[in-house]
Amino acid sequence: MYNRYVLSRRRTGFGDCLWSLAAAWRYAQRTARTLAVDWRGSCYLDQPFTNAFPVFFEPIKDIAGVPFICDNQINEFSFPGPFFPNWWNKPAIECVYRPDAQVFRERDELDELFQAQDDVEANTVVCDACLMWRCDEEAERQIFCSVKPRAEIQARIDAIYQEHFYGYSAIGVHVRHGNGEDVMDHAPYWADPDLAVHQVCTAINAAKALPHPKPVRVILCTDSARVLDQVSSRFPDLLTIPKSFRADQSGPLHSPDLGVEGGISALVEMYLLGLCDTVIRFPPTSAFTRYARLSVPRVIEFDLNDPSRLVVIERSSTNTAS
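Quick note on numbering: the sequence shown equals residues 1 to 322 in UniProt numbering.
In short, the hints are calculated from the structure, not lab data. One thing to keep in mind: the hints can contain errors.
Unchecked claim - Below, simulated DSSO-like cross-link-like pairs (lysine-lysine); rule was C-alpha separation at most 27 Å, straight line: (1) Lys214 with Lys90; (2) Lys243 with Lys208; (3) Lys243 with Lys148.
Said to hold, decoys possible - Simulated restraints on C-beta separations: (4) Arg98 with Pro236: 43 to 53 Å; (5) Gly259 with Glu58: 15 to 25 Å; (6) Ala206 with Pro236: 42 to 52 Å; (7) Tyr97 with Lys214: 35 to 45 Å; (8) Pro256 with Val103: 19 to 29 Å; (9) Lys208 with Pro91: 57 to 67 Å.
The beta-carbon is built from N, C-alpha and C at its ideal position, and this holds for glycine as well.
Sequences are here, hints too, so could you generate the full structure?
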């Protein structure tokens, strides 16, 4: 009898990759399958056959009892059919081109499968779609607890924290701009770019006005040099982590153009935001701050139905302020 698998394939930013991995892990756990991660073709690498997971994260043999394949053996591994979703049962040559409509269709099929708490007879379930919001928070926490940045990346995170955060109440600000890409669900927040920056600055002032046990330090993480300049001009003592930006309007930071260092910079900022005392998320639809949303004591974000309205979320309760 074949072993059975869940294959988590993503080539997107780390927030999406990890959140989607959590959904795949939960299904693998529930159906007693081996979980494999295939991040070849990653937006952080220019080597199409290199699995990005071991480039950025420590090797893992299992996650809470679920066997885990995460290295470059994925290139030689032959997953047994039949497959789910059914599209993956086509001859390999026909699977090379996969239109967006097919990706969205598979996302919905996987969503229905996960919600039904069912299993399928397929030996391999292929999760090659964005599966954010398709699992419980405990599954997400399990992934963030189990998946660790490589030691040298973690050392960089720890060094920056000790130098700039230790002894302060840190306010982390994440501004996902897009820098010219199709920002999809984030679009309502950038309908008026000047207003958006004003809202971010209003949120920073609101966060600074809240009670803090130590002196306040504000750190900004963004994908746009223009946003950095605009916000820094209003908060001259703002802390930023040096990194490379792409040219104005040339696309997001998760790009092979920036090489491995671009991915490392993303992880450093993602995990530093998770060490803050307060985090501002703009927009709150960005998966990049999902780790911070689950781990930081206080989160300030903007109402999904009214982007002008601030929402203050404490670890144990939710309060709102306009």
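Check: Which of the numbered hints are not met once you compare them with the structure shown?
Finding: 1, 6 and 7
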